[in-house]
Amino acid sequence: MAEFRMPSLGADMEKGALSVWLVEQGDHVKRGQVIAEVETDKGIIGIEVYEDGVVERLIVDPGTEVPVGEVLAMIRSEGGQTKSAATEAPLPAAGPVIEEKAAHEVRQAGLSVGRLKISPAARKKAGEFGIDVGTIKGSGQEGSLSLADVERAAKEQGLAREAPPPEAVKPAAGLDMDAMRRAIAAAMARSNREIPHYYLETEIDMSCALKWLEAENLKRPVTDRILPVAQLLKGVAFALKEVPDLNGYWLDDRNQPMESIHVGFAISIKKGGLFVPAIHDVDKKCLGELMGAMGDLITRTRAGRLRGSELTDATITFTSLGDLGVKAVYGVIYPPQVALVGFGRITERPWTESGMLGVRPVVTATLSGDHRATDGIVGARFLDTLNRYMQEPEKL
Amino acid sequence: MTAQEIKNIIFRIVRQIAPEADFDKLLPEENLREALDIDSFDFLNVIIGISKEFGVEVPESDYSKIVSLADMVNYLSERIGQKIK
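Protein sequences appear in the order of chains A and B.
Residue numbering for the first sequence follows our numbering, beginning at 1 and increasing consecutively.
Residue numbering for the second sequence follows our numbering, beginning at 1 and increasing consecutively.
Hints are computed from structural coordinates only; laboratory data are not their basis.
For each residue, glycine too, the CB sits at the ideal point set by N, CA and C.
Take these hints with a grain of salt, some might be off.
[To be verified] Okay, derived cross-link-like pairs now, DSS-like style, lysine-lysine, Cα gap no bigger than 30 Å in a straight line:
{"no.": "1", "chain 1": "A", "residue 1": "Lys271", "chain 2": "B", "residue 2": "Lys25"}
{"no.": "2", "chain 1": "B", "residue 1": "Lys7", "chain 2": "A", "residue 2": "Lys271"}
{"no.": "3", "chain 1": "A", "residue 1": "Lys219", "chain 2": "B", "residue 2": "Lys52"}
{"no.": "4", "chain 1": "B", "residue 1": "Lys52", "chain 2": "A", "residue 2": "Lys285"}
[To be verified] Distance ranges between label pairs, derived from CB positions:
{"no.": "5", "chain 1": "A", "residue 1": "Ala380", "chain 2": "B", "residue 2": "Pro19", "range": "38 to 48 Å"}
{"no.": "6", "chain 1": "A", "residue 1": "Glu242", "chain 2": "B", "residue 2": "Ser40", "range": "22 to 32 Å"}
{"no.": "7", "chain 1": "B", "residue 1": "Ser64", "chain 2": "A", "residue 2": "Glu353", "range": "18 to 28 Å"}
{"no.": "8", "chain 1": "B", "residue 1": "Ser51", "chain 2": "A", "residue 2": "Pro196", "range": "43 to 53 Å"}
{"no.": "9", "chain 1": "A", "residue 1": "Gln33", "chain 2": "B", "residue 2": "Ile80", "range": "43 to 53 Å"}
Using the sequences provided together with the hints, build the complete structure.
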């Protein structure tokens, strides 16, 4: 039986409210299917299930606010396996006992106790009861502790008291801008406090890229036109393949580059605030697919409809403020990522080459790097590689 | 199609893309994108909307001809006129 839990959708998330179930008991579910919506400080987020199965039991009622890690439903694996979906999941955001990519969420929240795995909710509860978590026997995979384990232990030790009824939450009413501001404040303050940033910038001649794009767009119907931002995004992904140290997380006092390139794409909300959902496997998508992915994310972000995994698994951040006319962006890294790439506006600027002065469309690319994870030379190599790709637009 | 009709359709297209756009304060000669905070993605959607509503595909090389609302109305009147001929 797999436990479907309230995921952690960011370092700053402690609890979430289940808004609605999109499935019923007995329904067959497919891996990747959004089966519930959760209201968080970041708006309404769709939560996916991580393996095929049948919904055995819906435990938490809509409108209930629960801590991160709380079991929301039980999913029976197809074929009757009794593994935990959360621990099997190759994608993060499935639950509190997550391996690989999402491990940072757990570690960030200070949830590892030596080698002991414990859910945030369980840890909190243990703290409330004053129980030493080391004394509790976990029932999860590899002895991981769940909230139920702690409650059982508390009962056994005569510490349990009646839990107060879960606080009912208001029905979803769009984005809570104050909460979003606080979430951004917490993440950015932490970044500036903990990450020693270094900044590099370079000017990239975009004439080849734009010339190629103009010809390409002439061949396409207006609905399939490509914007230069797609080229920059793909160029970043290709450059990261050659300079992988900038793509990943600073965790456990070491840099942990990730193989997959999931680029967090900064999208501003018109009323204020910012989301950075990830575009998955950017290096493997063609420009048309990237346009589709960006358009889809922009629409869903502004409508407050994102998926949990999109908010947690970005391996680097990409921000383009060019539409507002700024020349360069010196970004604040989103921890535990180790780099942020920023682009200003593509403008015509004087450009010298081979002793000749001309006018070219130019963009300023900046890199904010975490100096704990990499040194300036790595960032310099990245920007140089990016520049090279922008001069070979047919390869993107 | 009159200039006013073209303008109304443009407003409808833009309103779908940027619902918070304030047309009351928009001056006809103003830079439309800057005044209404329309980014490059939104602008591409405006172009797609124009193609659906007017049957006019605006090539990228003509973007400089549709910077303000007045420009856009003139440009579209001309293109629609050409189409009818």
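**Request:** State, for the Cβ atoms of alanine 380 of chain A and proline 19 of chain B, whether the hinted interval 38 to 48 Å holds or is violated.
**Result:** For proline 19 of chain B against alanine 380 of chain A, whose Cβ atoms are near 43 Å apart, the range 38 to 48 Å holds.
**Message:** Checking one constraint from the list: CA of lysine 7 of chain B to CA of lysine 271 of chain A, max 30 Å. Satisfied?
**Reply:** Roughly 26 Å separates the two Cα atoms, so the pair holds.
**Message:** What's the verdict on lysine 52 of chain B and lysine 285 of chain A, does the C-alpha distance respect the 30 Å limit or exceed it?
**Reply:** holds (28 Å)
**Asked** Is the hinted range of 18 to 28 Å satisfied by the C-beta distance from serine 64 of chain B to glutamate 353 of chain A?
**Response** holds (25 Å)
**Prompt:** glutamine 33 of chain A and isoleucine 80 of chain B, beta-carbon distance inside 43 to 53 Å?
**Reply:** For isoleucine 80 of chain B against glutamine 33 of chain A, whose Cβ atoms are near 46 Å apart, the range 43 to 53 Å holds.
**Asked** Given the hint that lysine 219 of chain A pairs with lysine 52 of chain B, does the C-alpha gap stay at or below 30 Å?
**Response** holds (18 Å)
**lysine 271 of chain A paired with lysine 25 of chain B [C-alpha distance capped at 30 Å]** = holds (18 Å)
**Prompt:** So the hint says 43 to 53 Å: do the beta-carbon atoms of serine 51 of chain B and proline 196 of chain A match that?
**Reply:** holds (49 Å)
**Request:** For the range 22 to 32 Å, tell me whether the beta carbons of glutamate 242 of chain A and serine 40 of chain B fit it or not.
**Result:** Between glutamate 242 of chain A and serine 40 of chain B, where Cβ atoms are some 27 Å apart, the hint holds.
Consistency note: the structure conflicts with none of the earlier hints.
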